[in-house]
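Protein chains: 2
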Amino acid sequence: MIHRVLASELSAHVGETVQVSGWLHRRRELKQVTFLILRDRTGLAQAVVLGGSEQAGPDGPVVPAIPEETVISLVGIVTANEQAPGGIELVAPPSGPRIEVLSSLAATPPLDVYRPTVTASLPTILDGSPVTLRHPLLSAPFQLTAASVAGFRSALDALGFTEIHTPKVVGSATESGANVFTLDWFGRKAYLAQSPQFFKQAMVGVFERVYETGPVFRAEPSDTARHLAQYTSLDAELGFITDHRDVMAVVREALVGMVEAVAERAAAAVELLGVKLPEVPEVIPELHFSEAMAMLGLDEPDLAPADERALSEWAVREYGSEFLFVTGYPMAKRPFYTHGEPGRPKYSNSFDLLFRGLELITGGQRLHKYEDYVAALAARGESTEPYAGYLNAFKHGMPPHGGFALGLERWTMRLTGADNVRRTALFPRDLHRVMP
Amino acid sequence: MIHRVLASELSAHVGETVQVSGWLHRRRELKQVTFLILRDRTGLAQAVVLGGSEQAGPDGPVVPAIPEETVISLVGIVTANEQAPGGIELVAPPSGPRIEVLSSLAATPPLDVYRPTVTASLPTILDGSPVTLRHPLLSAPFQLTAASVAGFRSALDALGFTEIHTPKVVGSATESGANVFTLDWFGRKAYLAQSPQFFKQAMVGVFERVYETGPVFRAEPSDTARHLAQYTSLDAELGFITDHRDVMAVVREALVGMVEAVAERAAAAVELLGVKLPEVPEVIPELHFSEAMAMLGLDEPDLAPADERALSEWAVREYGSEFLFVTGYPMAKRPFYTHGEPGRPKYSNSFDLLFRGLELITGGQRLHKYEDYVAALAARGESTEPYAGYLNAFKHGMPPHGGFALGLERWTMRLTGADNVRRTALFPRDLHRVMP
Chain A
2 MIHRVLASEL SAHVGETVQV SGWLHRRREL KQVTFLILRD RTGLAQAVVL GGSEQAGPDG
62 PVVPAIPEET VISLVGIVTA NEQAPGGIEL VAPPSGPRIE VLSSLAATPP LDVYRPTVTA
122 SLPTILDGSP VTLRHPLLSA PFQLTAASVA GFRSALDALG FTEIHTPKVV GSATESGANV
182 FTLDWFGRKA YLAQSPQFFK QAMVGVFERV YETGPVFRAE PSDTARHLAQ YTSLDAELGF
242 ITDHRDVMAV VREALVGMVE AVAERAAAAV ELLGVKLPEV PEVIPELHFS EAMAMLGLDE
302 PDLAPADERA LSEWAVREYG SEFLFVTGYP MAKRPFYTHG EPGRPKYSNS FDLLFRGLEL
362 ITGGQRLHKY EDYVAALAAR GESTEPYAGY LNAFKHGMPP HGGFALGLER WTMRLTGADN
422 VRRTALFPRD LHRVMP
Chain B
2 MIHRVLASEL SAHVGETVQV SGWLHRRREL KQVTFLILRD RTGLAQAVVL GGSEQAGPDG
62 PVVPAIPEET VISLVGIVTA NEQAPGGIEL VAPPSGPRIE VLSSLAATPP LDVYRPTVTA
122 SLPTILDGSP VTLRHPLLSA PFQLTAASVA GFRSALDALG FTEIHTPKVV GSATESGANV
182 FTLDWFGRKA YLAQSPQFFK QAMVGVFERV YETGPVFRAE PSDTARHLAQ YTSLDAELGF
242 ITDHRDVMAV VREALVGMVE AVAERAAAAV ELLGVKLPEV PEVIPELHFS EAMAMLGLDE
302 PDLAPADERA LSEWAVREYG SEFLFVTGYP MAKRPFYTHG EPGRPKYSNS FDLLFRGLEL
362 ITGGQRLHKY EDYVAALAAR GESTEPYAGY LNAFKHGMPP HGGFALGLER WTMRLTGADN
422 VRRTALFPRD LHRVMP
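Chains A and B are the protein sequences, given in the same order.
For the first sequence, the numbering used here gives the first residue as 2, with consecutive numbering after it.
For the second sequence, the numbering used here gives the first residue as 2, with consecutive numbering after it.
Next comes chain A alone, as it looks inside the complex (with noise of 0.2 Å):
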């Protein structure tokens, strides 16, 4: 029995006869030779077989007519070849080509997946992403994200947290009553968690250190670039902190783990989709929220979008950095859970980290006394007792602790310079879509 061998490896059997197995990217028929180019995991592999359109055995074309698409394997004898991509060509042994078809004869796909550019529109690509993200453009961006996340975790491995898992089904709104999912649960209400807040500053408590890399969701009703209803949020939390900024090195960490892992595992994506990897300085510049006000010239405590490309321009002017944390975020625009600032109370020791335009990270410290957390509620006029299970944690001792999140499609969607976080999530949920 012939083994399979991946595109990659094929350089390393020159002269045996192997088999390759994966779709039939494209089939290009000439009066004399038919070339099949199959893709697999690794790459492409194109083998040559006598056979042309001219010509004809007794059961009809030498080259059966098989459809763009269809998963075959086929049997060849590696060779040597310049002209070829990689330098090698596979060619039909002298007992004849030995092709089986694996899967059903494939329909034509919504986008012609063997084009060296994409022209579909963004509702194609989704509506048949199954089939379109087979596209190496289309599928290279997940693996930027698959190395992103290994790279997230074993950084904070290497710094002592301990993975978590928690619900995603709650029996309160957390954080906020608005951009809530209600469900049914066994016949009561229950809501989907909009982020794991509440369970990881909870974890702290047992923990110490804590990271979970799961999906949130947020019934945003509004349609823009860069909003999704879930997307997989990568947290962390940590206690035994003096401010926020143990917080931000932490951060920090990350982000340098993230893309060692991107440049490392997958090395192929970056280089087929031409990403520029960031490089994440010793120190990430800092600014303070009431300085960039200052700067962009602005009244209203708040950064739009505009004002948030803005510091990222002038971040990488002044430190020639693509990462820029803006902090001292006023209380007012942040959760009751925000620890303030010392000495000045209209600001808080929370941040946001900006990457290449995009707040990417939102953190901070978070309060962690009982008697503080009754204060910050009644200062908003709000009630303790739709918190009283979140507050509970608090009562039996907690370290001063802080936490940030990181909104993992928007990272790559940053890394690529794609248009649409759309396009870096799979099956993306968005107001008008939650098929296929």
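What the hints contain is simulated information worked out from the structure, not anything from laboratory work.
Heads up, some of the hints might be wrong.
One copy or two, either will do: identical chains are not told apart, so a pair holds if it fits within one copy or between any two.
Unchecked claim - EDC-like, lysine to aspartate or glutamate: derived pairs with alpha carbons at most 16 Å apart:
| # | residue 1 | residue 2 |
| --- | --- | --- |
| 1 | K190 | D431 |
| 2 | K32 | D303 |
| 3 | K370 | E101 |
| 4 | K370 | E287 |
| 5 | K370 | E265 |
| 6 | K277 | E287 |
| 7 | K347 | E386 |
| 8 | K347 | D158 |
| 9 | K190 | D353 |
| 10 | K370 | D244 |
| 11 | K277 | E265 |
| 12 | K334 | E301 |
Mind docking chain B on chain A? Use the hints.
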């Protein structure tokens, strides 16, 4: 400034003045001295402070009456003392004890975290999990879980798999109409995904080999010690297989990776819990369903929990293996996408993996040709219409493929010998529980 030293690192700092931070695990006041046992994420540290119940300074007791579970930090000189736990003890510097309280003074916890055993009931543990899980015996299983997932991922990474992140909300109830949670998705009806089955199969068409570690949701009305309404599913799917045995070979590799990672990354938890890690045999024994039925003398084509236990015991006796593949489950008992057994159409190319008497993994070969799906649905008297989105992928060329899913909480349950799967889920969700 004195930096924090972790409990496990103290022995490297004998003679130095250091700071330790953590929870006041236990306070033991004698007449002349007080022992403070501190707990951090690495273990316990004992500090001895001159000043006991019979002594008081001008401002009250020498050692302030801090309740257990309060978070403190403490400065002391690291001193060797054979009688102290770990042979190390912190002694107050000549200037006197320096104890700082970092949290609210802790309320009395629902169970005594410092006691060597846990007698609290399961509901007490679950209701107060942000605090009760601080008990080392209750948190240790989650260290096994974290290590296991890491091992699963690294085993599959090494085999060329790509990690994916798929939707947890779907527009139609894919696998079965029953036991599905319904939710409101921007005014339309949608469902929580019972598994990533459709998505992982579709992505075999893109990446050949994929895995996902994420939440799945089952609206199981049954209230047993081994069912959860949300659990973490370790899912894998791979293309270009011959049959289900290629999937079983990957299962074995994943198990090896999991056991190795637990041994390496969670050694302290393994020791604390007295876990005996299983050996994964070179070839995991397998038994065809029909043989299992004959052996057990059963007529009804179904294996009850007691039958699974009996089969597991048989595998231990016969092969010395705590793992057993039961293969060839009847087609009638498997989902419509299951591939039949060649020559024995009553049976399927599927398997369950039993581990210590419990079904841990379900998997098998899937249908991969569109026409076979149409026939399979017709044979069950079902229309293809509800499955149109799912089936579409198979029109476009899908290789022979299969996969499996492992219930993470069940795995840890069986590793630790826990009597209830709720002891191995953080904040479990079931028929009655959607809080905290």
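Q) Any hints this thing doesn't respect? Which numbers, in order? A) 2, 4, 5, 6, 7, 8, 9
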